[in-house]
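Chains as they are written, first to last, in this note's numbering: chain A, 806 to 1039; chain B, 705 to 941.
Calculated from the structure, these hints are not laboratory results. None of the values given here were measured: they were computed from a predicted structure. Beta carbons: idealized from backbone N, C-alpha and C, even for Gly.
Non-contacting residues of chain B with respect to chain A, defined by C-beta distances greater than 10 Å in every case (computed): (1) Leu711; (2) Gly734; (3) His914.
With the Cβ distance kept under 10 Å, some of the chain B side facing chain A (calculated, not the full set): (4) Gly758; (5) Asn777; (6) Ile778; (7) Phe784; (8) Ile788; (9) Leu790; (10) Arg792; (11) Phe800; (12) Asp803; (13) Leu804; (14) Ala845; (15) Arg852; (16) Phe858.
A partial selection of chain B residues facing chain A, derived with a Cβ cut-off under 7 Å: (17) Tyr782; (18) Arg791; (19) Pro801.
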Amino acid sequence: MNDILAGLAAALRLIVTLDAELVEISLRSLQVSLTALLIASTIAIPFGTLLAVQRFRFRRSVIAVLNALMGLPPVVVGLIVYLMLSRSGPFGVLGLLFTPTAMIIAQVIIISPLIASITHQAMRELWAEYHDLLISLHATKRQRIATLIWDGRRNLLTAALAGFGRAIGEVGAIMIVGGNIDHATRVLTTAIALETGKGDFALALGLGFVLIALALLINLGIHALSGTEREGRW
Amino acid sequence: MAGLLPLTLTDAVVRRNGKTLMGPVSLTLGGEGITIIIGPNGSGKTTLLRAMHGLERLSGGAADWALPAHEANIRQAYVFQSPIVLRRTVLANLRFPLDLLGTPRSVANAAAVAWAQRIGLGRALDTQAARLSGGERQKLALARALIREPEVLFLDEPSANLDGRSTREIEALLQQCQAAGTRIIMATHDMGQARRLAADAIFMLSGHIHEKGPAEAFFGASRTPELIAFLNGDIVE
Ligand SMILES: Nc1ncnc2c1ncn2[C@@H]1O[C@H](COP(=O)(O)OP(=O)(O)O)[C@@H](O)[C@H]1O
Ligand SMILES: [Mg+2]
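Just chain A, with the same shape it has in the complex (with noise of 0.2 Å):
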C-alpha cells in the first residue's frame, strides 16, 4: 500500500516538473497514434462511405470480412507485421523493424477496419436518407460519397475518436514491432508495461496518469460529439 501511495506522489510530482522522459515518451505515443488514425482515416473514411452507397457483387462478404477484421488480436496483427518486415521478411530490405513506423503500420491495420466498420454504418442510414434526393438531383459518385461524408462528418469524427482510442491504449502489437527501444520506440503502454516489471512504480503511474487522461479526453469527445448529434444541432 505505501509502495502504491509513495508511486503517486511521485508520479504527480513528475507530471507537474513536465518530467523530460514522461514528456518524452508521452510525445511519441500522440506522434504514433496521430500518424496511425491519420492515414487510417484517409483510407477507412471513403472505403466505409463507398460500402454505404455502392451495390457490387462481394458487397455482404467484404463487410462480414470487415467487421471479422475488428476483432483481430493486436498481438497476431504485430506477429505478423513483425515476420513482414523482419530482415528475413518481404519487406525486410526497408530496414523498418524497430522504428515508429513499423509501429504506425501495426496500429493502422488495427484501427482501419474499426473505423471503417463504424463509418460504414453511419454512412448506411443517412444514404438511406438522402438517397432519392441525391438520384433525383444526379449528383455524381463522388459527388454523393462527398456529401455523406461532409454531413456526416459528425458520427466520422466518432469514429476516428474510437480508433485513435483503440490505437493509444494498444500494447501487444507495437511491443513486438517496436521492440520497447529507449529514446527510439518507447511508447506510453510498453513503458507502463517495462517499469511496473522493473517496480518502478512512479514512472509507471505518472504514464498511466497520462494515458487515463488521453482516453477521458477522447471519451468526453465523443460524448459531446453524439450529444450535439442528437440535438439535431449540426
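For chain A, the structure is supplied; the task is to place chain B with the ligands on it using the hints.
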C-alpha cells in the same frame, strides 16, 4: 433550345419482388400547364411519378423524353412527399443543386438568397434546415427543386400535413412557375387543390390509369363510375 417534352410512357411496368406495383401504363405528356394525379392510397401515384422521373427502374416498357437521357435528367426536378432536407443550413440546402453543377459560389449564393426570400425563409438562411417546421421544410424542398429552373417539375403530395396558409403559399408559387413555363406534374390527395390547379388530370386505380382528360371534363363529366365515386368522397378500391 430543344424542349424536353413530350414525355412518352409506353406500356411502362414497375414490379417489385414479383408484385406489379404499376402498369402497364401508356401516356403522353406534352404541352403546358399542371397535370394532377389523383387516386386512392396505394393506387400507384407515387410509383408513376417516380417512374416518369427515372427513380423507379421499369420492369417493362419505356419512358422516353424528347431529349437523350443525360440531357433530360438535369432539366427536371422532383419534390418528395416527405421533404428530404440535408443536414445543412437553409442557405446550403438551397444552393446544393447548383453546387453539384459547379455553379460559381457567388452565383449560387445569390440564387439561394433570392429563393429564400421568395419562400419567406429570408431570415432563416443560417438556420439548420432540420430545425424548420414541416411547412417550412416543404417550401425549402420546393425552392431547392426550382433553383435549377427545371422545365418539368414533379411533386408528390406537396401539401400533405400542411396548414391552409402554407398550402395557399405553395399553390401560388406553383401557379407562378407554371405561368413562367414550367411543366408541373403533381399527385395530390386534396380534391380542392386538384380542382384549383389542374389543367388536366389522371385518375389512378390499382396501378393503372383509370381515367384521364382535361380538367373540365374530368371533374365535370367523369365517365367512369369509380372516378365519380372517388370525387364524391366515397371509398374506392
Ligand atoms: N418499395 C416498395 N416495395 C414494395 N411495394 C411497394 C413499394 N413502394 C410502394 N409499394 C406498393 O406499391 C403500390 C403503389 O404505391 P404508391 O405508388 O406509393 O401509391 P400511392 O402513392 O398512390 O399511395 C402500393 O400497393 C404500395 O404498397
Ligand atoms: Mg404516394
